[in-house]
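Spelled out, the chains give:
2 protein chains.
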Amino acid sequence: MHTPTQTMASTLLFLFLTATTAVASPNIIHLLKPHSGSAGHKHSNLNCLSWRLAVETNNLRKWTQVPQACEDYVGHYMLGKQYRQDCDLVAAEAYEYAKALNLTGDGKDVWVFDIDETTLSNLPYYARDTVAFGAIPFNSTAFNAWVVEATAPAIPGSLKLYKNLLKLGLKIVFLTGSEDIYMEARVKNLKAVGYTTWEKLIMKGAGEASGVVYKSKKRKELEEGGYRIRGNMGDQWSDLLGSNAGDRTFKVPDPMYYIG
Amino acid sequence: MHTPTQTMASTLLFLFLTATTAVASPNIIHLLKPHSGSAGHKHSNLNCLSWRLAVETNNLRKWTQVPQACEDYVGHYMLGKQYRQDCDLVAAEAYEYAKALNLTGDGKDVWVFDIDETTLSNLPYYARDTVAFGAIPFNSTAFNAWVVEATAPAIPGSLKLYKNLLKLGLKIVFLTGSEDIYMEARVKNLKAVGYTTWEKLIMKGAGEASGVVYKSKKRKELEEGGYRIRGNMGDQWSDLLGSNAGDRTFKVPDPMYYIG
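Chains A and B are the protein sequences, given in the same order.
For the first sequence, my numbering begins at 937 and goes up steadily by one.
For the second sequence, my numbering begins at 937 and goes up steadily by one.
Certain hints may be false.
Copies of one chain are not kept apart here, so a pair can be met inside one copy or by any two copies together.
Said to hold, decoys possible - As a list, the in silico DMTMM-like pairs of lysine to aspartate or glutamate whose alpha-carbon atoms are at most 25 Å apart:
(1) 1099 x 1032
(2) 1127 x 1115
(3) 1156 x 1183
(4) 1156 x 1085
(5) 1156 x 1008
(6) 1153 x 1183
Rather than coming from a laboratory, the hints here were simulated on the basis of the structure.
Taking the hints into account, I'd like the entire structure generated from these sequences.
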């Protein structure tokens, strides 16, 4: 159940994510997390800009949570306009690439999208006081409850790209590490925010491998099925590395969690 | 021949790159390039932070020069402390990784370093008024003349890493797209700044392929020769992608030029 503060925060976040020019006030972080500053690891020498760049370039791997010292930095980044503009530029570049593709028209040219932090945003969840933008260890029970709510907003740049790719004649494949027990919630969530059609929605079965092994296997099956992966977009390097990665890959930002 | 302004600027840059805590004044850019602001493309809507992130994550490819609108941004980044700290964090992470390696002691465990913008910095050249941090098209004649001077400073984080890797017992391989006609100058430059020993220094022969094809071929030859590439560090994704990439790769920042 939501506290009133969480509900207000979610509403603010939703407004932020759907408005074109809105910039969230940095103070929202303190609103959500009034105890910030009382934890023990605030005075690290870690340069959080360097940390984020190292995350985005896959120099840092297998990290399990955002460093305490960078909680506020990551929060400000995620709620501010920079994250949104970073996503927009990746989407714009992807569209420039896609426009120049020579599509065959046989319905086998596909674009692979990851879901979480690629097409749907879990930022309303990650901004919670109990999650702290990934600076508190991952709680699968709480996260799965959030997934079932099916209220994640679209990432605006990715939604626009999705619509433009459909117009170009590409087929869409959603390939996610979400488990297939959440199929109904994910379908409801995708459709509610504008991802209304797709060629395939591939979710992980219970007991399947995860990360780069899982994604490579599913992409290999796609290509063995006659599909050509012309583009592949994800927030994790494990979406983009491995076999059958696609003709070109696009990395969208995600400084909140790591999946190997 | 250097103008007095260029000489002074080179001296300032050298001091900056060798001092531990110095932060170059942003004004140095205007000192070097007093005509900044008179060009025609200053009022782009391009978000230069997003552009740099897209470059570093390999989302933008085959770009030929820094956008005019981002010349000052790239200059401030390269001359300021953020670039240095970004490099330091990558080097620190690489050392953490290397320390945990189980080395065999047979002399076949190697670390591959690219040279330009990875171990040596061409920033004194790129800061010139006639180069503008890569916002002016590449001039191979002028750049090659700079290479022959053999006065490029070390990138401090990489030099420290190099020394620490040697202490761990790794052998060093420098693998560069520089042509072998510059062998004498590169050797002189590397030794002058502290890279005093190596297992191999591989430079490109006249007429050889370039970029990812060249680097993959040379790494394949290394591994066929019995070497194990335990780590591989470069400023270009073409240093790190392709075959025989190494057990782990490290991308150091370079927003000034692209090699495919």
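Run the structure past the numbered hints and jot down the numbers of the failing ones, going up.
-> Going through the list in order, the structure violates hints 4 and 5 and respects the others.
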